[in-house]
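Protein chains: 2
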Amino acid sequence: MSDTKRLFLTESDVNGLLDMQLALDALDDVFRARSNGEIFTEPRYRLPVGKGSYNFMAATWPKRGLAGHKSYVAGGGGVNFHVMLYGTDGEGLLAVIEAGRMGQVRTGAASGIATKYMARENSKLVGIIGSGYQAETQLEAVCAVRDISEAKVFSRTQENRESFAERMSDRLGISVTAVDSNEAAAEGTDVLVAVTNSVEPVVTGDMVEAGMHINAAGNNSWMKRELDTAAVVKADLVACDDIDQTKSECGELMRAAETGHFSWEAMVRLDRLVAGLRTARYSDDDVTLFESQGVAFEDLAVCARLYELALEQGVGSELPA
Amino acid sequence: MSDTKRLFLTESDVNGLLDMQLALDALDDVFRARSNGEIFTEPRYRLPVGKGSYNFMAATWPKRGLAGHKSYVAGGGGVNFHVMLYGTDGEGLLAVIEAGRMGQVRTGAASGIATKYMARENSKLVGIIGSGYQAETQLEAVCAVRDISEAKVFSRTQENRESFAERMSDRLGISVTAVDSNEAAAEGTDVLVAVTNSVEPVVTGDMVEAGMHINAAGNNSWMKRELDTAAVVKADLVACDDIDQTKSECGELMRAAETGHFSWEAMVRLDRLVAGLRTARYSDDDVTLFESQGVAFEDLAVCARLYELALEQGVGSELPA
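For the protein sequence lines, the chains are A and B, in the order given.
Sequential numbering from 1 applies to the first sequence in the working numbering.
Sequential numbering from 1001 applies to the second sequence in the working numbering.
Keep in mind that the hints were calculated from the coordinates and are not lab data.
We treat Cβ as the ideally placed atom computed from N, Cα and C, and that holds for glycine.
Please note that a few of the clues may not be correct.
To be verified - Residues of chain A placed beyond 12 Å of chain B at every Cβ, according to the derived structure:
| no. | residue |
| --- | --- |
| 1 | Asn36 |
| 2 | Leu47 |
| 3 | Arg64 |
| 4 | Ser149 |
| 5 | Thr157 |
| 6 | Glu159 |
| 7 | Glu258 |
To be verified - Listed below are the simulated SDA-like cross-link pairs for lysine to any residue, each with C-alpha atoms no more than 25 Å apart in a straight line:
| no. | chain 1 | residue 1 | chain 2 | residue 2 |
| --- | --- | --- | --- | --- |
| 8 | B | Lys1063 | A | Tyr45 |
| 9 | B | Lys1005 | A | Lys224 |
| 10 | B | Lys1063 | A | Leu319 |
| 11 | A | Lys5 | B | Gly1090 |
| 12 | A | Lys5 | A | Ser248 |
| 13 | B | Lys1051 | A | Phe40 |
| 14 | A | Lys5 | B | Ser1317 |
| 15 | A | Lys5 | B | Leu1172 |
| 16 | A | Lys51 | B | Glu1038 |
| 17 | B | Lys1051 | A | Pro43 |
| 18 | A | Lys51 | B | Gly1090 |
| 19 | B | Lys1063 | A | Arg64 |
| 20 | B | Lys1051 | A | Lys224 |
| 21 | A | Lys63 | B | Val1079 |
| 22 | A | Lys224 | A | Lys5 |
| 23 | B | Lys1247 | A | Ser248 |
| 24 | B | Lys1234 | B | Ala1210 |
| 25 | B | Lys1005 | A | Pro43 |
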């Protein structure tokens, strides 16, 4: 073993180290690397536990000498995320990282990257459906990649959406307004974000307008869906983070494909767009859709930067030798 | 979160806590539970890294409220095993456990359990092929479940097999002799253990004698094999730890099946034998074969006991809160 420092980073450590720009840079970098064949990733899998599931996803990046995985127990008393980061040139374990906040930020950043490469350059107005755990970083990420002046939010509980609007207006320095329906949140927007755990679609075909970019960033279970099939059909381009994982987790695309309204062959991996190997939109009227499941190499890329930063800043606790 | 203690156990902590009997008890227990449908397990999978692979295996035991996985980087500067143990009733992470020694002992114990339920009751003489990292615990485990009076060992390097013989004679209080060929190690034995990383078979058909029990405990890659097909064919019963994993990792059975000399349908899961749902041998002349790949629920069962014991004895370091 080398003299590598092995760190434990708590949620609080991560919170102090991580900002949206770091996550956006890390994801831009890893998506480019993936388009170049540098990344190996294994779709999430789940095993049953008493009231929920044990979740599991891993990736390696041999060129950088990195491997890592995220594991978490979902259901039955909350969620508890951890990433283990390994160096693969003999260093072994580098870090165990509590990864709740990390996951929030990287999932936001994935939508940010999609928006950067898929949405119209002149996007100004964002609609967001959902105001929960993952919603803040979604809006923050979109605002980081486009010159957004205004946002509208809808979620089912009035108090939640109003509190979200107030909080995010302050934080982002733009006007965020709570509205009272999915339709009102979508109307006239340039970028529409769905970030719900909904079983029934929150984005229907009639809500999809010419030129819109949609990030479907919520649930990752085939039993749920955020878009109906008519909305999927309206998309001129559908991008995903990982094809295998999307085929097993993305309820709206699986239903659209099963019923003959969508072909997996038409789907493109986001990394191709990031690397410029494929054009996302051919006109300002094109509708683009990013289906975000959340993949292991995103965690790996962000956690590798967190580890470096923690070493630089002397943050975190050393694991016992 | 509850007031659950979250521990980090180093190799040294584990070494102080773990003995063969603990591992044998844990495996007997978990194999019984599995026969009862209580265990969910996911076969090992591997992702490429620079010079080796990133390995991954997970299991859950909902009835006990436990989930866990092992991860390790193999190749490129040694191996670095870790198990993460979770409580699934809201406790979240319970422990991060360095799992090199643990893996050695649990792999020995798996062969011990197989020997207990498959070998002849009156087994006295053990042959062991291989004297490396995993060999000691193999012999120790067999001696724990049968009244063994004598053992013979062969491995390619004379110094290694002689040192193994001396060391294990002392430790086990039986006569362990180094011999100078695979054939000599096998001849006349009641229990034969192959624990090598060999690409070419070390146990050939002509070495298999009536009444023998064989533990094939070495490599877990389809590119390698410890038995030739003639040896596989001589087995009246073949047991494995996990069917899916055996079908993708067990070189000797995969070759025998592919060439029409073995049917997967004939293979039985060890847990069925442990639970008494199936008879291992119908006569003292039957040849029995246990193919050990090493599965995640074995790690889970042993690590759950290590965690309990560590709490009781105040061993290990608390992870930062």
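Hints versus structure:
no.: 1; hint: Asn36; in the structure: 15 Å, holds
no.: 2; hint: Leu47; in the structure: 4 Å, violated
no.: 3; hint: Arg64; in the structure: 9 Å, violated
no.: 4; hint: Ser149; in the structure: 40 Å, holds
no.: 5; hint: Thr157; in the structure: 24 Å, holds
no.: 6; hint: Glu159; in the structure: 26 Å, holds
no.: 7; hint: Glu258; in the structure: 26 Å, holds
no.: 8; hint: B:Lys1063 x A:Tyr45; in the structure: 20 Å, holds
no.: 9; hint: B:Lys1005 x A:Lys224; in the structure: 36 Å, violated
no.: 10; hint: B:Lys1063 x A:Leu319; in the structure: 31 Å, violated
no.: 11; hint: A:Lys5 x B:Gly1090; in the structure: 30 Å, violated
no.: 12; hint: A:Lys5 x A:Ser248; in the structure: 38 Å, violated
no.: 13; hint: B:Lys1051 x A:Phe40; in the structure: 14 Å, holds
no.: 14; hint: A:Lys5 x B:Ser1317; in the structure: 17 Å, holds
no.: 15; hint: A:Lys5 x B:Leu1172; in the structure: 39 Å, violated
no.: 16; hint: A:Lys51 x B:Glu1038; in the structure: 14 Å, holds
no.: 17; hint: B:Lys1051 x A:Pro43; in the structure: 22 Å, holds
no.: 18; hint: A:Lys51 x B:Gly1090; in the structure: 10 Å, holds
no.: 19; hint: B:Lys1063 x A:Arg64; in the structure: 41 Å, violated
no.: 20; hint: B:Lys1051 x A:Lys224; in the structure: 40 Å, violated
no.: 21; hint: A:Lys63 x B:Val1079; in the structure: 19 Å, holds
no.: 22; hint: A:Lys224 x A:Lys5; in the structure: 42 Å, violated
no.: 23; hint: B:Lys1247 x A:Ser248; in the structure: 23 Å, holds
no.: 24; hint: B:Lys1234 x B:Ala1210; in the structure: 9 Å, holds
no.: 25; hint: B:Lys1005 x A:Pro43; in the structure: 31 Å, violated
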